[in-house]
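Student: Chain by chain, the residues:
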Amino acid sequence: MQLTIEFGGGLELLCDSVKIHNINVDPQDGEKQGSIDIISSFFNQLTLKNLLSWVRTNVIKERPEMFMKGDSVRPGVLVLVNDADWELSGQLDTVLEEKDNVVFISTLHGG
Amino acid sequence: MQLTIEFGGGLELLCDSVKIHNINVDPQDGEKQGSIDIISSFFNQLTLKNLLSWVRTNVIKERPEMFMKGDSVRPGVLVLVNDADWELSGQLDTVLEEKDNVVFISTLHGG
Amino acid sequence: NLGNSNGLSPDMIYRYSRHLLLPSFGVQGQANLLKSSVLVIGAGGLGSPALLYLAACGVGRIGIVDHDIVELNNLQRQIIHTEAYIGKSKVESAADACRSINSSTQIVEHKEAFRTSNALEIVSKYDVVVDATDNAPSRYMINDCCVVLGKPLVSGAALGLEGQLTVYNYNGGPCYRCLFPTPPPTNACQRCADSGVLGVVPGVIGCLQALEAIKVASLVGEPLSGRMLLLDAVSGRFRNVKLRGRSLQCEACGDHAVLTRQTFLDFDYEKFTQTPL
Amino acid sequence: NLGNSNGLSPDMIYRYSRHLLLPSFGVQGQANLLKSSVLVIGAGGLGSPALLYLAACGVGRIGIVDHDIVELNNLQRQIIHTEAYIGKSKVESAADACRSINSSTQIVEHKEAFRTSNALEIVSKYDVVVDATDNAPSRYMINDCCVVLGKPLVSGAALGLEGQLTVYNYNGGPCYRCLFPTPPPTNACQRCADSGVLGVVPGVIGCLQALEAIKVASLVGEPLSGRMLLLDAVSGRFRNVKLRGRSLQCEACGDHAVLTRQTFLDFDYEKFTQTPL
Ligand SMILES: [Zn+2]
Ligand SMILES: [Zn+2]
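Protein chains in written order, with the working numbering: chain A, 1 to 111; chain B, 1001 to 1111; chain C, 2001 to 2277; chain D, 3001 to 3277.
FYI, nobody ran anything at the bench for these hints, they're computed from the structure. All residues carry an ideal CB built from backbone N, CA and C; glycine is no exception. Among the hints, erroneous ones may be present.
As the list claims (entries may be wrong) - Which stretches of chain D does chain B cover? Using the computed rule of at least three CB atoms under 8 Å from a CB of chain B, they are:
hint, segment
1, 3039-3045
2, 3127-3140
3, 3148-3162
4, 3178-3184
5, 3238-3248
To be verified - Derived DSSO-like pairs (lysine-lysine); straight-line CA-CA distance at most 27 Å:
hint, chain 1, residue 1, chain 2, residue 2
6, A, Lys69, A, Lys49
7, B, Lys1099, C, Lys2242
8, C, Lys2242, A, Lys99
Build the full structure now, drawing on both the sequences and the hints.
Tutor: As structure tokens, then:
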């Protein structure tokens, strides 16, 4: 499944300062890596929970604790699916579709 | 065909100051109105040329010369199809698809 | 157009003529602004442009809260302050600048740190609050104070080459805690002093905060409630984001929230965020 | 971080520390800015914030062109001018304001109308041009002058509750005439004086013009060439638009264009646009 994932608010520093990543997540790939989270159902659906796990393994290069806490994102990170807060689409259970755009952005406090 | 059309830069004044219009353009409707431009092909394709004609008839309420000149838009109007300049998609020959967003915006000179 | 002057003096009609000519703003929008009051907390990178535009546009009364003094390394982005004010109070500097562009607007100086002990009294005197601070505990404190007092909160932030903007606690929309119930780890909270900021980025966000405050105060337009603007200055792109609604579980504004004036006074925001104010 | 000072004095290192701390900007970006020069044409609604941020951030030399004097009805949006300057030259007022926030930046005053007769000489002295004017003939004239001299042009506009921003003639991208080969009918060209403008809207666009000029001058980031930002202040939404590329048929920058210094001098922009300058 082709997805675009983006990092902002400083989270890009966890992946070599690259903000936009065009990725291809194959549920089968995940299985080979031993992650049972990758296949969410018989229908090969990819959920945001699966994606988070894939991103931590394949995209995040350092300090994963700045990205995740438990099986969700750390406090202070907004997740946007096609420019909408993931709370509106089911949070970790959000089912992703081909060409979806997922943004992980840390809230800023500066001024 | 469901489309969203938007007006900006003052062009909304030509249609009761409404900026966003969710429209449903049926090539058959156009034929009944006697406009041969509405059906662009056997495939029921809607081109931007057809859409302009439909908009002038059905959306523009006053001073159509501020919107069109000949069969195109007047000088100083940018046409955007899904946020891209229509020059990139074939200008008047651009073939529209379901749920496309078309913006007509007049260039501003103020400061 | 200018027939019904709605109590505007001839000088005001002339000063605000570009607003009065605007059909969607007009005399009513201007009259609403002139009757309104806005509190800007922080006279730094965000507060500088926000204050200048709020003063210029004709907000009736503007409050400024800050306890800092102007330093040379502020001037790269805090355009309301001049070299002549280095070493002086930011509030005094900003107030003088606002008065010099619009002597008909009332400017109130709050030369003090914003704390739970003075927050309720200060905020209660204004219609709209602009959060132009630079740290996590202030953001939670300002949010909670606005929830307690039912004030709309225009929140902006900028760091590095990015900016964020939204309006909290407005018209049934979410508050800051609805979005961020748990504070982030302290090492995720960078200030401009630590990580730097391109000066014009808080400039853009501060102007947009003034715009949102003007919309709320004038009752014109659709304020960014339940929505957020994200600016990436490197690419020059904005992202228009749809946010969640008010959370029923929110500890500040939710249906079972226990936030009151008293719990607000007793809350330790520095301990909560593990960050000094 | 601040090891290689690249010729920056200790005062400058302190003043610009928030830029130097930024990994993606740093000493090199600041050194580029300090060596650069920017011309701002128009010290009005757009020029006010653009000039303040260009001066604050450390552009080495800033030129200001305007022939107007400050009037009370400018102050609703032209935040660089104070009441004390009403009746005085806008250029003088803006230059004084820029110097007061950054005495280390060189400010050049061009107290004259921008015309074909002086355009080439003025523009040739700067690296980047900011179009902060308010009428169609000036926009065509500035564009053509920038094409003749190969200068990048940061173009902003604001009217009512809307704003537009792009960078022309930069890095192989389109120029103003590529987009608008034929001028619009005169009754489609409204000025702020005729139709009004919400003061903070040119504020936002002017800040964004400063941002784009800083990106071009510092060689940091991706300037808005071949792209346009549209602001709808009522909804608080920005639109990121992809524009056409350079037009081979363009009469200014196309492959068969006949625009030269001489044809520029002879061109009648008022007649072309049917609008007085
Ligand atoms: Zn809440
Ligand atoms: Zn061209």
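Student: Confirm or reject each hint.
Tutor: Results for each hint:
no.	hint	verdict
1	3039-3045	holds (count 3)
2	3127-3140	holds (count 6)
3	3148-3162	holds (count 6)
4	3178-3184	holds (count 6)
5	3238-3248	holds (count 6)
6	A:Lys69 / A:Lys49	holds, 12 Å
7	B:Lys1099 / C:Lys2242	holds, 20 Å
8	C:Lys2242 / A:Lys99	holds, 19 Å
Comparing the model with each numbered hint stated earlier shows that all of them hold.
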